[in-house]
Amino acid sequence: IAGITQAPTSQILAAGRRMTLRCTQDMRHNAMYWYRQDLGLGLRLIHYSNTAGTTGKGEVPDGYSVSRANTDDFPLTLASAVPSQTSVYFCASSDGGGFANTGELFFGEGSRLTVL
Amino acid sequence: AQKITQTQPGMFVQEKEAVTLDCTYDTSDPSYGLFWYKQPSSGEMIFLIYQGSYDQQNATEGRYSLNFQKARKSANLVISASQLGDSAMYFCAMREFYAGGTSYGKLTFGQGTILTVHP
Numbered sequence: 130i131a132g133i134t135q136a137p138t139s140q141i142l143a144a145g146r147r148m149t150l151r152c153t154q155d156m157r158h159n160a161m162y163w164y165r166q167d168l169g170l171g172l173r174l175i176h177y178s179n180t181a182g183t184t185g186k187g188e189v190p191d192g193y194s195v196s197r198a199n200t201d202d203f204p205l206t207l208a209s210a211v212p213s214q215t216s217v218y219f220c221a222s223s224d225g226g227g228f229a230n231t232g233e234l235f236f237g238e239g240s241r242l243t244v245l
Numbered sequence: 578a579q580k581i582t583q584t585q586p587g588m589f590v591q592e593k594e595a596v597t598l599d600c601t602y603d604t605s606d607p608s609y610g611l612f613w614y615k616q617p618s619s620g621e622m623i624f625l626i627y628q629g630s631y632d633q634q635n636a637t638e639g640r641y642s643l644n645f646q647k648a649r650k651s652a653n654l655v656i657s658a659s660q661l662g663d664s665a666m667y668f669c670a671m672r673e674f675y676a677g678g679t680s681y682g683k684l685t686f687g688q689g690t691i692l693t694v695h696p
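So the sequence lines, in the order shown, correspond to chains A and B.
Under the numbering used here, the residues of the first sequence are numbered 130 to 245, in order.
Under the numbering used here, the residues of the second sequence are numbered 578 to 696, in order.
For the record, the hints were derived by calculation from the structure and aren't laboratory data.
A virtual CB, placed ideally from N, CA and C, is assigned to each residue, including glycine.
Don't take every hint at face value.
Stated by the list, open to error - Listed below are the simulated DSS-like cross-link pairs for lysine-lysine, each with C-alpha atoms no more than 30 Å apart in a straight line: (1) B/LYS647 / B/LYS580; (2) B/LYS593 / B/LYS650; (3) B/LYS593 / A/LYS186; (4) B/LYS650 / B/LYS580; (5) A/LYS186 / B/LYS580; (6) B/LYS593 / B/LYS647.
Claimed, not checked - Sample of chain A residues facing chain B (criterion: CB under 8 Å; computed from the structure): (7) TYR162; (8) GLY169; (9) GLY171; (10) LEU172; (11) TYR177; (12) TYR193; (13) VAL244.
Said to hold, decoys possible - Label-pair restraints from in silico Cβ distances: (14) A/GLY132 / B/ASN644: 26 to 34 Å; (15) B/GLN646 / A/ALA208: 43 to 51 Å; (16) A/GLU188 / B/PHE624: 18 to 26 Å.
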């Protein structure tokens with residue numbers, strides 16, 4: 130089934146540890162995104178990539194980094210996790226969107242991360 | 578300033594009744610798109626409906642319709658004939674088209690509204 134795969138689905142992590150959340154899509158979408166979801170705050174954009182080889186900062190990028198070596202993969206790295214990074218993380222992709230299409234986001238299942 | 582505002586943290590509706598979930602937005606871009614997503618308790622994000630800023634008609638998808646009032650900058654979701662399975666978190670989101678016509682679809686989300694459907 131085509132879509133977005135995230136791993137791990139859930140992780141408990143000690144503060145200070147490095148963690149990479151993996152995201153792979155098989156829809157050949159150019160654009161990919163990482164959001165975090167926190168109660169009362171909705172989904173907030175961490176980083177995005179318009180196409181392979183490029184990345185950009187979203188609303189809440191501090192403490193996170195991303196890379197986009199190819200079209201399919203968009204890993205999110207927490208270099209030194211802190212408790213405030215406890216959240217549910219969603220990877221998403223889109224065909225970009227323009228006047229001819231909606232550019233809706235297709236989401237992965239989410240990764241629940243707890244930093245202690 | 579908040580770009581997307583959902584003022585109803587929680588809403589309750591009786592099964593088979595209609596319910597309106599509010600969403601207001603703020604943009605100076607004349608070209609934008611508005612989205613609604615549903616997030617059931619299982620956690621996945623499900624796309625429901627889309628409205629483009631130049632669309633003349635309100636968008637409809639089955640029991641979902643989007644009450645688009647451009648002058649008021651509101652994009653309320655109307656769910657008709659509510660079902661128990663409609664109980665979920667609902668998010669409103671906006672994508673702005675920047676000058677030049679095409680934006681890679683960064684969506685800005687509202688805070689969400691939890692809808693509970695009572696039998």
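Structure-based check of all given hints:
1. Distance restraint check for B/LYS647 and B/LYS580: the Cα-Cα separation of roughly 14 Å lies within the 30 Å cut-off, and the hinted pair is therefore satisfied.
2. For the hint pairing B/LYS593 with B/LYS650, the CA-to-CA distance comes to about 28 Å; that is within 30 Å, so the pair holds.
3. A distance of roughly 43 Å separates the Cα atoms of B/LYS593 and A/LYS186; the hinted pair therefore is violated under the 30 Å criterion.
4. Between B/LYS650 and B/LYS580, the direct Cα distance comes to roughly 11 Å. Compliance with the 30 Å bound is thereby established for this hinted pair.
5. Taken as a hint, the A/LYS186 and B/LYS580 pair is honoured in the structure, with Cα atoms around 18 Å apart against an allowance of 30 Å.
6. Of the supplied pair hints, the one linking B/LYS593 and B/LYS647 holds, its CA atoms being roughly 29 Å apart against a limit of 30 Å.
7. Annotation: interface hint on A/TYR162 holds; nearest CB of chain B at approximately 7 Å, less than 8 Å.
8. Satisfaction of the interface hint for A/GLY169 is found here, the shortest Cβ-Cβ separation to chain B being roughly 6 Å, below the 8 Å cut-off.
9. Given hint, A/GLY171 at the interface with chain B, holds; its Cβ is 4 Å from that chain's nearest Cβ, closer than 8 Å.
10. At its closest, the beta carbon of A/LEU172 sits 4 Å from a beta carbon of chain B; the interface hint therefore holds under the 8 Å criterion.
11. About 6 Å separates the beta-carbon of A/TYR177 from the nearest beta-carbon of chain B, less than 8 Å, and the hint is met.
12. A distance limit of 8 Å between C-beta atoms decides the matter here; for A/TYR193 the minimum to chain B is near 16 Å, and the interface restraint is violated.
13. For A/VAL244, the interface hint is violated, the least distance from its beta-carbon to any beta-carbon of chain B being 19 Å, above 8 Å.
14. At roughly 31 Å, the beta-carbon separation of A/GLY132 and B/ASN644 lies within the given 26 to 34 Å, and the hint holds.
15. About 45 Å separates the C-beta atoms of B/GLN646 and A/ALA208, a value consistent with the hinted range of 43 to 51 Å.
16. Checked against the hint of 18 to 26 Å, the pair A/GLU188 and B/PHE624 passes, with Cβ atoms roughly 21 Å apart.
Hint compliance for this structure: hints 3, 12, 13 are broken, all remaining hints hold.
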